[in-house]
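When you line the sequence shown up against the working numbering, it's residues 90 to 516, in that order.
These are calculated hints, taken from the structure and not from any lab test.
Misleading hints may appear alongside valid ones.
[To be verified] Listed next, the in silico EDC-like pairs over lysine to aspartate or glutamate satisfying Cα-Cα at most 16 Å (straight line): (1) K178 with D133; (2) K374 with E229; (3) K376 with E341; (4) K415 with D388; (5) K154 with E410; (6) K415 with E341; (7) K181 with D149; (8) K455 with D274; (9) K307 with D274; (10) K281 with D317; (11) K495 with E418; (12) K399 with E127; (13) K498 with E484; (14) K242 with E222; (15) K435 with E463; (16) K156 with D191; (17) K307 with D272; (18) K255 with D287.
Predicted model, so just to flag it, every value in this text is computed and none were measured.
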Amino acid sequence: MNLLRWRRYTNLVLLVFSTVLIISCTALLTPSAQKQVEQARSADAFVDSIGVNVHLTYTDTAYGKYKSIIRPRLQELGIRHIRDGFVRKKPKYYQKLQDLADIGIYSTLIAGIGWVTPQQAVEIAYQLNNSLEAVEGPNEYDVGKKRQQWVQKLRKYMEQLHHEVKSDRQLDRLPIVGPSFVDRDASTAIGKLTQWVDYGNMHPYNYPHKPGDNNIDKEISNRSRPFDDRPLIATEAGYHTGSVNSDRPLTETAHSKYLPRLFLEYFNRGVLRTFAYEFIDQRTKPKNREANFGILRNDGSPKPAFITLKNLIALLNDPGESFPLKSLEYTLAGDTTNIHHTLLQKRDGRFYLILWQEVTSFNPQKHSDRTVPEQSITVNMNMPVNQANLYQVSESIDPIKQTNPKNIKLNIPDYPVVLELLPPINS
Numbered sequence: 090m091n092l093l094r095w096r097r098y099t100n101l102v103l104l105v106f107s108t109v110l111i112i113s114c115t116a117l118l119t120p121s122a123q124k125q126v127e128q129a130r131s132a133d134a135f136v137d138s139i140g141v142n143v144h145l146t147y148t149d150t151a152y153g154k155y156k157s158i159i160r161p162r163l164q165e166l167g168i169r170h171i172r173d174g175f176v177r178k179k180p181k182y183y184q185k186l187q188d189l190a191d192i193g194i195y196s197t198l199i200a201g202i203g204w205v206t207p208q209q210a211v212e213i214a215y216q217l218n219n220s221l222e223a224v225e226g227p228n229e230y231d232v233g234k235k236r237q238q239w240v241q242k243l244r245k246y247m248e249q250l251h252h253e254v255k256s257d258r259q260l261d262r263l264p265i266v267g268p269s270f271v272d273r274d275a276s277t278a279i280g281k282l283t284q285w286v287d288y289g290n291m292h293p294y295n296y297p298h299k300p301g302d303n304n305i306d307k308e309i310s311n312r313s314r315p316f317d318d319r320p321l322i323a324t325e326a327g328y329h330t331g332s333v334n335s336d337r338p339l340t341e342t343a344h345s346k347y348l349p350r351l352f353l354e355y356f357n358r359g360v361l362r363t364f365a366y367e368f369i370d371q372r373t374k375p376k377n378r379e380a381n382f383g384i385l386r387n388d389g390s391p392k393p394a395f396i397t398l399k400n401l402i403a404l405l406n407d408p409g410e411s412f413p414l415k416s417l418e419y420t421l422a423g424d425t426t427n428i429h430h431t432l433l434q435k436r437d438g439r440f441y442l443i444l445w446q447e448v449t450s451f452n453p454q455k456h457s458d459r460t461v462p463e464q465s466i467t468v469n470m471n472m473p474v475n476q477a478n479l480y481q482v483s484e485s486i487d488p489i490k491q492t493n494p495k496n497i498k499l500n501i502p503d504y505p506v507v508l509e510l511l512p513p514i515n516s
């Protein structure tokens, strides 16, 4: 056998061996048992990935109650990021943005064609001090393709916006988020924008479907086209709770399950930040889709989604410098079909394994919640754990203590539950 044939024969043997090995390993990783050593991500990175859209200049809506509802509820929620827009000659609006920055809530603002010029956006940015953390390109400018030469106009605007911001020594620190699109083919039509942006953009609305639908991966792939390897930010995403006569609504119960899962699914896929649309129902118009996207009702009372997000943020909040992240060695046993998870860690060493069923929780045809049976699994720890606590963040942040941190039996619902794992002292 000559050398070439010998190499081909050897490669074939290795290929067959590898295939058998993969099949054998796959058999071990069936839905009844998933063993893994998984690198955790920062708990605070997840908290920092959560934002919410507001309309602080809409003073004839619920946003007019800034002092009595908007500010205190934003602070109660515990988020750090809001999204709004550049608006000319609104000193009271600028004061509100600065007021929020004083309590640790910073703004990404949209610069729009026909709304503000790039030069005007820079002038406004000077008045916002440290409250502005990012400048975003035009919002959904491709809608309906009714604007003549929209591609040329948008590309020219982004080039000018980049020039104005990055050539200013006091503002060049500000990242530029790319424009958002509605039409699927707009991401191809616009061409490359990489040279003018720091982050890509997308609006992956998927209502009324579950957040882990395959649409997410398709949306990420498509919306990445103009931005190449730039990290994506979902500057709008969410669901609304209008009446049965509105456009594709959810119940408040389904809303409270889907929205936290949405943040987790996007975080798992590397989306840098996701802004829920939006903070409060603008008006009491049940049939109007746009009026009912809030996580607060129009009177400022919390919807269940607000409570769940507030508890999740409070539990995982861990600000500070970056730290070396560790791995968790564990096995998921039992019925793991459709069980999704996110693994996080705090700087004190605690792991947080967030688990949920990524299934349909809502029947849009009947406008009713589906009863989803809990799935029984066991988290088998393959490393020392001192204590395990379970949190039902849809209800509170009071832990349910587990007596056996070695083999932890759980019933997983269709909304996130959090398993906290405390390492041994001095580990």
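Each hint tested on the structure:
no.: 1; hint: K178 with D133; result: violated, 36 Å
no.: 2; hint: K374 with E229; result: violated, 24 Å
no.: 3; hint: K376 with E341; result: holds, 15 Å
no.: 4; hint: K415 with D388; result: violated, 44 Å
no.: 5; hint: K154 with E410; result: violated, 36 Å
no.: 6; hint: K415 with E341; result: violated, 37 Å
no.: 7; hint: K181 with D149; result: holds, 15 Å
no.: 8; hint: K455 with D274; result: violated, 32 Å
no.: 9; hint: K307 with D274; result: holds, 12 Å
no.: 10; hint: K281 with D317; result: holds, 8 Å
no.: 11; hint: K495 with E418; result: holds, 11 Å
no.: 12; hint: K399 with E127; result: violated, 27 Å
no.: 13; hint: K498 with E484; result: violated, 20 Å
no.: 14; hint: K242 with E222; result: violated, 25 Å
no.: 15; hint: K435 with E463; result: violated, 28 Å
no.: 16; hint: K156 with D191; result: holds, 14 Å
no.: 17; hint: K307 with D272; result: holds, 14 Å
no.: 18; hint: K255 with D287; result: holds, 11 Å
Hint compliance for this structure: hints 1, 2, 4, 5, 6, 8, 12, 13, 14 and 15 are broken, all remaining hints hold.
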